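Keeping the supplied structure of chain A fixed, place chains B, C and D upon it in accordance with the hints.
Protein chains: 4
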Amino acid sequence: MLNMTQTDYQEIFQTIASELENIDDPGEVATYIPELACVDPSKLGVHLVTIDNNHFAHGDSDEKFSIQSIAKVLSLTLALEIVGEKLWDRVGVEPSGSAFNSLVQLEYEKGIPRNPLLNAGAIVVCDILVTRLKDPKSDLFEFIRGITGNLNIGYSQRIAESEVQTGFRNYALANLMKSFGNIENDLESVLGLYFNLCSIQMTCKEVAETFLFLATNGINPVTNEKVVAPMRARRINSIMQMCGFYDEAEEFAFSTGLPGKSGVGGGIVAVHPGKFSIAVWSPKLNEKGNSYKGMKVLEALTTKTQSSIL
Amino acid sequence: MLNMTQTDYQEIFQTIASELENIDDPGEVATYIPELACVDPSKLGVHLVTIDNNHFAHGDSDEKFSIQSIAKVLSLTLALEIVGEKLWDRVGVEPSGSAFNSLVQLEYEKGIPRNPLLNAGAIVVCDILVTRLKDPKSDLFEFIRGITGNLNIGYSQRIAESEVQTGFRNYALANLMKSFGNIENDLESVLGLYFNLCSIQMTCKEVAETFLFLATNGINPVTNEKVVAPMRARRINSIMQMCGFYDEAEEFAFSTGLPGKSGVGGGIVAVHPGKFSIAVWSPKLNEKGNSYKGMKVLEALTTKTQSSIL
Amino acid sequence: MLNMTQTDYQEIFQTIASELENIDDPGEVATYIPELACVDPSKLGVHLVTIDNNHFAHGDSDEKFSIQSIAKVLSLTLALEIVGEKLWDRVGVEPSGSAFNSLVQLEYEKGIPRNPLLNAGAIVVCDILVTRLKDPKSDLFEFIRGITGNLNIGYSQRIAESEVQTGFRNYALANLMKSFGNIENDLESVLGLYFNLCSIQMTCKEVAETFLFLATNGINPVTNEKVVAPMRARRINSIMQMCGFYDEAEEFAFSTGLPGKSGVGGGIVAVHPGKFSIAVWSPKLNEKGNSYKGMKVLEALTTKTQSSIL
Amino acid sequence: MLNMTQTDYQEIFQTIASELENIDDPGEVATYIPELACVDPSKLGVHLVTIDNNHFAHGDSDEKFSIQSIAKVLSLTLALEIVGEKLWDRVGVEPSGSAFNSLVQLEYEKGIPRNPLLNAGAIVVCDILVTRLKDPKSDLFEFIRGITGNLNIGYSQRIAESEVQTGFRNYALANLMKSFGNIENDLESVLGLYFNLCSIQMTCKEVAETFLFLATNGINPVTNEKVVAPMRARRINSIMQMCGFYDEAEEFAFSTGLPGKSGVGGGIVAVHPGKFSIAVWSPKLNEKGNSYKGMKVLEALTTKTQSSIL
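From first to last, the protein sequence lines are chains A, B, C and D.
Residue 293 in this note's numbering sits at position 293 of the first sequence; the count goes up by one each step and never skips.
Residue 11 in this note's numbering sits at position 11 of the second sequence; the count goes up by one each step and never skips.
Residue 308 in this note's numbering sits at position 308 of the third sequence; the count goes up by one each step and never skips.
Residue 99 in this note's numbering sits at position 99 of the fourth sequence; the count goes up by one each step and never skips.
Chain A extracted, bound-state conformation (with noise of 0.2 Å):
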C-alpha cells in the first residue's frame, strides 16, 4: 500500500466519483421494506478513516441511512465477547452456497446456521443476547455506541415495524431452529431484537468509525480501549472476508481484497487490518444484493491505493 496524503485521497476520491458519474448504474433500490424504497437512489457517500485517525470523506458521508445486515457484525462481536468460541456450538463459521435466507441447508444440517451473516445465523446471534442480557435492546446499542462513544446512533422504528410486517422468511428460518431447539427464547423477544438491529441509522463516517477496531486488533485508536481481543478481531475479520457478500464473496475478495459486510440499504464497510476502515453508501444493488456503485467506489479505491491485501 503507498503513503498517502489528505490531498492525495482527495484527488482520488474526485477521480473515482468522476468516473462514476459515467457510469449508467444498472441497481435497483431495494424494495421488499416500503420503507428502503423511498430512499433518494442517487446518494453516494464515502468516509475513509486510517488507524492514526485522519479522516477522508466524500459526497453524502454525513447522511443517515440504514445499516441493514452491516448491523450483524457487530452484534456476533458482543456475542462472541460475552459467550466466546461456545458460540460455534450454535452457528457454523463457513460460506453457505445458498441465498443469505435458504431454509433448505437449515433443515438439512438441523437448525445450525452455516455462519452468523446468515439471517439465520444472527438470529440465533440474536437469541443469545436475549438470554444473556439484562436489557437487550439497550444493552445492545450501549455497546455500539460505546464503541466509538458515539451516542448519536440509534434505529427507525418505522423500519422496524415495516421489517416485522413482511418478514415472513425470518418468522420461517426463527420457527424452524426452535422446532431443532437452537432457539432459547420466545421468538418475539428474538426477532424483536433481530428487526431493531436490522433498522439501526448511521452515517457512512460513522460506520467507518464504528469498524475501525477491526483493522486495529480490537484497540479503539483514538481512546485506546480494548473493545475485543486482538484473536476476535481476527476471527471476524476472516468471517467478513469469506461470509460478507452473500453469493459475491469471492468477486469482492477479487475485486478489492479486503474483509467487509453489505446491507440491502445500500451500506458497504470494508477493513484493511493495520491501516484503515471505509464505508460506502449508494442504494441501488446489484443483482446479487449488493451496492453497485458501493462495489465499484471499493475496487477503485484499492486499484488506486494499492491497498488489497491479496
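Calculated directly from the structure, the hints in this document are not laboratory data.
No experiment lies behind these values; they were computed from the predicted model shown.
Don't take each hint at face value.
[As the list claims (entries may be wrong)] Listed below are the simulated DSS-like cross-link pairs for lysine-lysine, each with C-alpha atoms no more than 25 Å apart in a straight line: (1) 226(A) to 275(A); (2) 304(D) to 110(C); (3) 304(D) to 226(A); (4) 288(A) to 86(D); (5) 304(C) to 226(B); (6) 304(B) to 110(A).
[As the list claims (entries may be wrong)] Sample of chain A residues with no beta-carbon within 10 Å of chain D, all distances over it, derived: (7) 32; (8) 139; (9) 237; (10) 254; (11) 259; (12) 284.
A virtual CB, placed ideally from N, CA and C, is assigned to each residue, including glycine.
For chains B, C and D alone, kept in the frame of chain A given last:
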C-alpha cells in the same frame, strides 16, 4: 372379495385379535405433543361399516381418540366442494418423497406444497377455508358433523393448545408459504383452524361412518344425501392412495391395497370403494409414523376377506 | 365393472377413437434419442385382453414400438423371482417426488434409489441380474419371451446404441451408485443390459398379453403356468400404482384408477387385477413425459366400462 | 510482518517442530486411493521461499509427495491464460457450502460447478484444456515445469491408474455435466487428463517455488518472466482464499490468514502476496480432509512471524 356374514366377520376379527396378542408391538406412542403421550398404549379398536350399513366392531372401537392427520381429508373435502379444481393452483397432488413436514421441497417449489395431506398442504387448505367460510371453525365442524349427522364430534381443547405451543415446524411452514404469497390470511387464524382440525376426537365407529361416503361415490348411504360428487370422491381416494401414509404409501398399498389415511394418534381409516370403510386405532407407531398394529389389522383383514383392490 | 361383450368393446373403442380424432394433441414425440424422434406421431394402438383370453383391439395395435421404461417392470419381475424380498436392501419401494433421473435424492440417500422404476432403481435391478444370471441378456429375453411363449419379442439394436451414446445421465447415476457400493459389476455390463432392456420392441397386443399375469395373481391364464407367486404380482401392482407414472402418479390413479407403467416411446400398460390387462400406444408425450392420447384412451375406457378400482 | 533472517526462520521452524512433536496427531491418512494409504504417516516437510529468493526449509521438504488437488490451481492458471474471463461462463467462482464432490448443487445449477477447485470445476477446466491444447497432457506438464524451469516434475503412473479404477464419483460428476452439455470432449480424454493432474508429485520445495508467482503479481522472480498477468494472480489468490480448503475455508483464513490450497495427499500451499510462498506436507488429514499438522504449522508460523493478512 368374498361375501361375508356377521358371523364371518366376528370370527375373522377374533382370529386377528388373537394373532395380534402374541405379537410384540415394537412401536412407540407419539410424544411430540404431551397430551398424545398420555394415551394407554394397549388400546385397540376396529370398526367396519359396509355400504349397506352393516357394522362389525372389535375392542375399543367406541372410545374417542385424537384423529390427527386423518382430519386433513375432511378439510380437503370441504375445500374441494367450495373452490373445486382451482384448489390445485395452490397445492399439488403428487407424493412428496420427503418427510411430512419438510421445508426443502416447499422452498424449491416456491411455496406450493406437494399435496394436501402434507402439513403444508393442509395449512393451505385451512387458509382457503378461512377465506371462504363465514365462521371457519364452526362451519368446518358443521360440515364434518353433517356428513353423518353426528353432533357428538368435537375436538380436544387441551390438544389444540398443546399443538400451538409445540408447533414451531408448522409455523415455519406457514411463514415460508406466506413469504411466497401462498397464504392469504393472518397466520394465527389459519394455524388456529389447522390445530383445531388436528385435535378432532372420534371413535373408530365415528371415523368409519364419516368416511363411508368415499366408498359410495360421494353419497351418505344412510340418508342418501350427496356429500360430494362421484368425481370428487374418486379424487380424494386417489390422493389418499398416493399420499395417505407418509413414506409408507407403497407398503400400505401392497399389504392392504386400499386408499386410506393415518394419523399420529394411532388411527387409520381405509376405504374399499363400492364395499366398506374401516377405522382402526392402536396408539403405538412404527418408525414411519403409522400405527404398527393398525397396519397389521388391516393387512390381515384384507388378506382374510380377499378385499385388496390390487 | 360392467359385463362387456365383444360388440360392446368395439363400440366403446370406436367412440373413444372418434372423440380423440377431434382432440388437438399438444404432446411432443420424445427426441432425446434420435431413433425415437423418427416415429410417426399419429400412430394410435390399443389392445385389451381379459383373464379369460378375450381380445379387443383398435388401430395400430399390431405394430412394434419401443416400450422403453415399461420393460423395467419385467426385469423387476425376474429379479424378484431370483432374490426375493432381499431386493429391498438395495432399492426402495416408495414414490420419489423427484424427476425419474435425478441424482439429488440418490446422493442424500447414499446410493439407494427410491424405487425400482426410476432409472437408478432399474439399473440396480440390472446389476442384480448380471450377478445372478449366467448369460444376462439372453436369459432375460428368455424370461420375457417365456411369459407368453412369444419368441417374436426382441429389441432394436439401433435404439440400444443410441441410448449408449446419449445416456450420460444414466452413466452418472450408475457411477454414483458404484461409488456408494450399490453396483457390484462393471458398469459396461450393467448399463449394456439396461440399454438393451429399454430398447425392447413390442406391439400393443404383445404388451397386453405379457402383462396379463399381473391381473391373474401371477398365473399365465392361457397355459395356466405360474409366472410369479400371487404375493409378487400384488407387490408389482402396488409398485406400478405408486411409481409407474413419474410425476403424474396421482393423476393416473385418479383418471384411470389402475396400476400401470408408461414409457417415453408413448406406450402405457395398465392392469385391472382379476379382469384384464391393456396396452395403449400413441407417441406424443405430455409435459410429464406420459403419452397424451394414451392417458385419454385409458381414462375414457375406465369411465365408460366403470372399471376403475378407486 | 516482521523482518526475518535465516537464523530467525530456522529457530521458528525448530520451535514449531518441537511443539508438534508433543502433539498427538488425531488425523488419518487418506485411503480412498490405495497408493495414498502406503505413505509413511510421520512425514513432515516445510519449505518457504520469499519473493527475493531466500529459502527456509525443515524436515522432509525434499521428498516427493502426491500433491493431488493442489494441482487444480495450476490447470486453472493455464486455462485462464488461454480462454480468459470466458472461463466463468462454464464454472462459477463462489464457495459451494457442499462437499468437494457433491452432485446435488451441480444438478440444481444445471451442470455449472460452483468453482474451479471443486472436482467438477477442475474437470471442466481439463475439458477446456483438452479442447484448446494440441497435446493436452504434455502441454500441461510443459506449462507446469516451465513456471520454474524444473524439468523434474512428473506424476505417478500408479496413482493415476488407481484414481481411474476408484474414481466413480468423478465419472458421475463428468457424466452429469456432459448430460447438461458442459463437457465438450469425450470423457476418457478429459478424465484421463484430470487423473494425471491429480497424480502430480512434487517436493515441498518444488511446490513453494512453483506457486511463488502468485506472491509476485504473476512474475517468476528468479527469471523475471511473466507467468500470468497481475490481475490473474489476484484472481487465483482470491479463489484460493474462498475455495481452497473445502469446508474449512474460514477456519484456514482465521488461523493462517493466507490464500492457499490443500490436497488429500497431506500437502498445503499458501501464499503471502508481496512476501513469500510456503508448502507444508504431513499425510494425516483432519476430518475436513486437510492435513492436520500442515494446518498447525502454518498457523504457528503466521502467528510467530505476524504474517497473517487479516
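Structure-based check of each hint:
1. 226(A) to 275(A): 17 Å, holds
2. 304(D) to 110(C): 44 Å, violated
3. 304(D) to 226(A): Distance of about 22 Å is within 25 Å: holds.
4. 288(A) to 86(D): With Cα atoms ~20 Å apart, residue 288(A) and residue 86(D) stay inside 25 Å; holds.
5. 304(C) to 226(B): 22 Å, holds
6. 304(B) to 110(A): 44 Å, violated
7. 32: At roughly 23 Å from the nearest Cβ of chain D, residue 32(A) sits farther out than 10 Å, so the non-interface label holds.
8. 139: 27 Å, holds
9. 237: Residue 237(A) is in fact no farther than 10 Å from some Cβ atom of chain D, at 5 Å.
10. 254: Incorrect as stated: the minimum Cβ-Cβ distance to chain D is 4 Å, not above 10 Å.
11. 259: 6 Å, violated
12. 284: 22 Å, holds
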